[in-house]
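Chains A and B, in that order, give the protein sequences.
So for the first sequence, UniProt numbering puts the first residue at 1; every next one is plus one.
So for the second sequence, UniProt numbering puts the first residue at 1; every next one is plus one.
Hints in this document: simulated from the structure, not taken from any laboratory.
Do not take every clue at face value.
[Claimed, not checked] Quick list of in silico lysine-lysine cross-link-like pairs, DSSO-like style, CA-CA up to 30 Å: (1) A:K315 to B:K373; (2) B:K373 to B:K315; (3) A:K284 to B:K27; (4) A:K57 to B:K315; (5) A:K57 to A:K373; (6) A:K373 to B:K284; (7) B:K137 to B:K27; (8) B:K137 to A:K27; (9) A:K373 to A:K284; (10) B:K315 to A:K284; (11) B:K57 to A:K373; (12) B:K137 to A:K26; (13) A:K57 to B:K373; (14) B:K373 to B:K57; (15) B:K284 to A:K27; (16) B:K57 to A:K315; (17) B:K284 to A:K26; (18) A:K27 to A:K137; (19) A:K26 to A:K200; (20) B:K315 to A:K373; (21) B:K373 to A:K137; (22) B:K26 to B:K137; (23) B:K27 to A:K137; (24) A:K137 to B:K26.
2 protein chains.
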Amino acid sequence: MLSEMRVTAQSPQETDSAMENIVTEKKAEESHRQDSADLLIFIMLLTLTILTIWLFKHRRFRFLHETGLAMIYGLIVGVILRYGVHVPRDVSNVTMSCHVNASPATLLVNVSNRFYEYTLKGEIRGDDVQDNEMLRKVTFDPEVFFNILLPPIIFHAGYSLKRRHFFRNMGSILAYAFMGTVVSCFFIGLLMYGCVVLMKYLQQLDGEFFFTDCLFFGAIVSATDPVTVLAIFNELQVDVDLYALLFGESVLNDAVALVLSSSIVAYQPEGDNSHTFEVMAMLKSFGVFLGVFSGSFALGVVTGVVTALISFFTKLRDFQLLETALFFLMSWSTFLLAEACGFTGVVAVLFCGITQAHYTFNNLSPESQDRTKQLFELLNFLAENFIFSYMGLTLFTFHSHVFNPMFIVGAFIAVFLGRAANIYPLSFLLNLGRRNKIRSNFQHMMMFAGLRGAMTFALAIRDTATYARQMMFSTTLLIVFFTVWVCGGGTTQMLSCQRIRVGVDSDQDNSVSVAEISRRSTKQESAWLFRIWYNFDHNYLKPILTHSGPPLTATLPPCCGPLARFLTSPQAFENEGPLKDDDSDLILTDGEINLSYGDITVSTDATGAHSAFPSAGGAGAATSDDLDKELAYGDHELVMRGTRLVLPMDDSEPSITELQPHIRM
Amino acid sequence: MLSEMRVTAQSPQETDSAMENIVTEKKAEESHRQDSADLLIFIMLLTLTILTIWLFKHRRFRFLHETGLAMIYGLIVGVILRYGVHVPRDVSNVTMSCHVNASPATLLVNVSNRFYEYTLKGEIRGDDVQDNEMLRKVTFDPEVFFNILLPPIIFHAGYSLKRRHFFRNMGSILAYAFMGTVVSCFFIGLLMYGCVVLMKYLQQLDGEFFFTDCLFFGAIVSATDPVTVLAIFNELQVDVDLYALLFGESVLNDAVALVLSSSIVAYQPEGDNSHTFEVMAMLKSFGVFLGVFSGSFALGVVTGVVTALISFFTKLRDFQLLETALFFLMSWSTFLLAEACGFTGVVAVLFCGITQAHYTFNNLSPESQDRTKQLFELLNFLAENFIFSYMGLTLFTFHSHVFNPMFIVGAFIAVFLGRAANIYPLSFLLNLGRRNKIRSNFQHMMMFAGLRGAMTFALAIRDTATYARQMMFSTTLLIVFFTVWVCGGGTTQMLSCQRIRVGVDSDQDNSVSVAEISRRSTKQESAWLFRIWYNFDHNYLKPILTHSGPPLTATLPPCCGPLARFLTSPQAFENEGPLKDDDSDLILTDGEINLSYGDITVSTDATGAHSAFPSAGGAGAATSDDLDKELAYGDHELVMRGTRLVLPMDDSEPSITELQPHIRM
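Using the sequences and the hints given, assemble the complete structure.
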């Protein structure tokens, strides 16, 4: 391979330019055909996955999620490409090798006085150069994941996060996402460092492996993936608080892990000895973390708010196509803007999605609400399955795997312990402050549901230049496979084993009057963070940014009257009576809202009155509280999977049946 | 610019690899940020276009379509980039220049013994190298149009073509699309050759311009664009036969022009003198045309049929997300498959779209029908406006425009005459055979509506290597601008001036029983081609491929009984009585279908009985026939634009009012 022909400084020869043109064109055409064929492999893989997963759903097999299946098909195709097909590397394509003393992004090559422009694709290591052209062809530039595949996935996660229980559990979710991820990252990093030191001692290590590498590994495997578990939760209609905790945590910790990993990479002490501890570099890394995170957050929120304002002040809703297109473009521009500013596009897109769901969504016409949801649902589905099938493929086609048994065993233990060190202590601390305790079976479920998925993979494949990174990548791949297949596949069993309520149909309960429910559910509201936020959001942000919510004239102090009247839309005045807000049925009753107009301080404290919480999921005591939760369930959620399996769970079914007369009352 | 540093054959030096890595990474990051910013320009342009066009629609300005507006914004940004911003070309990026004796697709560059892979971007001509980095950055690879932007546009056109009047006018549409495009291509080619000879004589020509170039120009400007005119037709609800003729023609002639142009490029006589006439080369070109066209056609139809079969034999409709995803992937795979096989993806995608609309659409769940329509509508909208704003931009940012006044004037005249030579003689010939004549005001309208758009532009920009091609590109750009702004903007006036009926709301007429209408409309069916096709399609293809249509057991001869029972779905048996087919209300009554079961020969000939056709659009005579046409209108059509303008047209309005009592009867 790589036979060098040092053709240097030769005088330009005039050849038949027409003939050469034709040859170049033919070559480009051939290359384009090859690219199309390669992409076709993935499309076919996805088609196959869809058909099989349909069969599984149709026959109600539930042990394998579509992402797990996509990985299996990817594996099979990987094996075929690796051992079945052998396209030798086209020597004529790479024989040219010229010596320059730098590697610019663009290279002008002088061929017989014709200039050709080449763009830098990346570094090829001596041992990397593959002799199988096919394998090289199906290897994507890792940046594809961050620029094309992850943004729709993360946006969709943010866009479908708009749920009462997310905001109600906001404090806990933020704690899990930020503190939990950091704890998990450092815990895993330390354990792995121990493992690496031991390996060095046992001479199991063939290259350098620094502490920052261990921390980086900790960061990337701390990003949990909600996909598989939440798909099953959705189907089984699991307890909504658990759903909110898990979903919220997984969505936000992707963002945290991403920024954390880039801060760790940014840790570069001065001088030659680049792997010692240095306070300044550490502080700089911390600054990078804060700066990038808050910058991306701000950008995402700002574009979301701008979109909300545009849809608020224009009557774009009369033209659904324009509305949907604008929504799509604004959301995409968030990503580009963040990347252009040097922030993290994926993080910005997440917060943009949350803002769009919370504000812009209310201004959209019903058709556009459906359209945007369905559009991002489709993009999410395609991107996700593409990534997972690529994961399967890459186990065999990646050129420089380093599988080290000791490192792998160490990593599995560290990941397990890291998740435990995240969930249990944090839950204990949170339970001290929470009225609605996170029960121990919820904790076990959260522990079990810590799958690793697309984000972990994308972070691991982003840089596979050094020995340490290659070992990490191979190990990460195995961790993803294991968690998706084993933990993902065992979700149903785990739910049943932990006696978590499933099969609660929110439609059944809709006959109870909303006001009744809201009144009772309000009593449970104990999160002060949530209350402050809710009052501010409801009284000021919603009226300014959306057509829902009370008119500003009612919520602003009288001195701001003219401003309030200017900013209030005619629709909002109509809302003065009963609220038409999408969220109104979720959070507070009209009466309570009227009481809290104009004061942000938490006036109605619902403590004390209602503290009898079931501690172990007993059916009798749980009834009225659980009912509240279930009612809010499913309003904005994307119902993607049509079938339902009612598991034979002794404690949940009777309780619902018992409740029904009471509900219908 | 282009300061060469011939750094050749230097011995590899070991530099600080860590530092170099950082520099490379920084460079890649910088380049990525720049790319994001460039893409952001286009997103912002599209956003601006959407907001302005909303304002126009809101205020009911109708003189400028969104594509025309996108071009104007593109022009403005182009001027700013050209004269306002000046980012000097980053010299360090291009200083490296190495001499090799070929231009392979991949180049390995040895920098201090590290190998970097570069991919060929394209040839840069000495005079092309721009000193403004910004202009270079906003210039896309022309293949982007054919691989990313055109496929959704063309697919959408095909997918929305499923209309009764398309099939009823199939013969005429095919004649316009095939014969018309070929006539137009050669006519324009000959005129332009005359122009070029004259220019050579007057020494106005600075480079070579061959007859094949003229023919190529003829081919690319023969592709008419339906967008602008049809959007207005849609809004104004213009006569459906005219709509079908124009839409069908524009959609199909894009495909014909595309294949025609590639056949002309494929014309390469043997030997040195490559621009003489040679029968063999000509025949080869003709063979290429037939082969590529029929190959792409077959591929498109086959994947469409496969999708229909998959959706027929699975119950995928229970899972709309899977269904939509499969539909999208299969349609995309058509494109990739065609490209991988060396056919034309865009053409394959067109016929795939038509097949999907005709068969698969009937098997989809209602939700997926909406989703797929909306998805491709959105993609079409974004891609189209992107292309048109890029067109505006490129007038100022393209680096080697050749504006030759004489060529431009010649081209405008040739395009005008070419369109006339296409429409009028063909209409005359077609009218000899047509029962439902194409009236002269329709002919004028078709003449006027021959806008040039996305396909013409994409074909022109695909290859701008030679002087002739550059001149063609610049001229084409002007033709597109002129036709979109002037002809597009004048559509409403032209309609009113030609006294073509508008403002007919299909909803108003729905109160008449379908059977009544079908019976009457059947009498009009005179196109034998349509009849044969319809019978075959309805009796065999629809039952095999879709859940609609009569059961096969009723349509196949008795000897095929077992096969028919095997292929017939349970749903189809339920259809045995009144048809539930989506098309059933469009074409024939149940009674007639029962009569024609089992015989393909045209048994019910409706000639003679009904020949009183209005010759000049008189309101009284046109009533009952026109009514039939309007009824079928709008069933599968994508209603994109919400507003309606009822023009003060004396003859159309009263006729509807007159009709209404009769209809409601």
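Open item on the list: Can you confirm whether the C-alpha distance between K57 (chain A) and K373 (chain A) stays at or below 30 Å?
Closed with: Holds, at about 22 Å.
(Q) Would the hint linking K315 (chain A) and K373 (chain B) be met if the CA-CA limit is 30 Å? (A) 23 Å, holds
(Q) Would the hint linking K26 (chain B) and K137 (chain B) be met if the CA-CA limit is 30 Å? (A) Cα-Cα ~19 Å, so holds.
Q. Regarding the pair K315 (chain B) and K284 (chain A), is the alpha-carbon distance no greater than 30 Å?
A. Violated, at roughly 57 Å.
Would you check the hint for K284 (chain B) and K26 (chain A), treating anything up to 30 Å between C-alpha atoms as holding? 18 Å, holds
Q | Satisfaction of hint between K284 (chain A) and K373 (chain A), Cα-Cα up to 30 Å | A | Between K373 (chain A) and K284 (chain A) the Cα gap is close to 40 Å, so the pair fails against 30 Å, i.e. violated.
- request: Mind checking the alpha carbons of K284 (chain B) and K27 (chain A) for me, to see if they're no more than 30 Å apart?
  value: Holds. K284 (chain B) to K27 (chain A) sits at ~21 Å (cutoff 30 Å).
- K27 (chain A) and K137 (chain A): Cα distance at most 30 Å? It holds: about 16 Å lies between the C-alpha atoms, which stays within 30 Å.
Just to be careful, I want the Cα atoms of K315 (chain B) and K373 (chain A) compared with a cutoff of 30 Å; is the pair within it?
Cα-Cα ~23 Å, so holds.
Distance restraint between K284 (chain A) and K27 (chain B), which requires alpha-carbon spacing of 30 Å or less
It holds: about 21 Å lies between the C-alpha atoms, which stays within 30 Å.
Is the hinted pair K27 (chain B) and K137 (chain A) satisfied, with a Cα-Cα distance of at most 30 Å?
-> Cα-Cα ~25 Å, so holds.
Hey, K137 (chain A) versus K26 (chain B), does the alpha-carbon distance stay inside 30 Å?
-> With a Cα-Cα distance of about 26 Å, the restraint between K137 (chain A) and K26 (chain B) holds, given a limit of 30 Å.
Hint violations for this structure: numbers 6, 9, 10, 19 and 21, all remaining hints satisfied.
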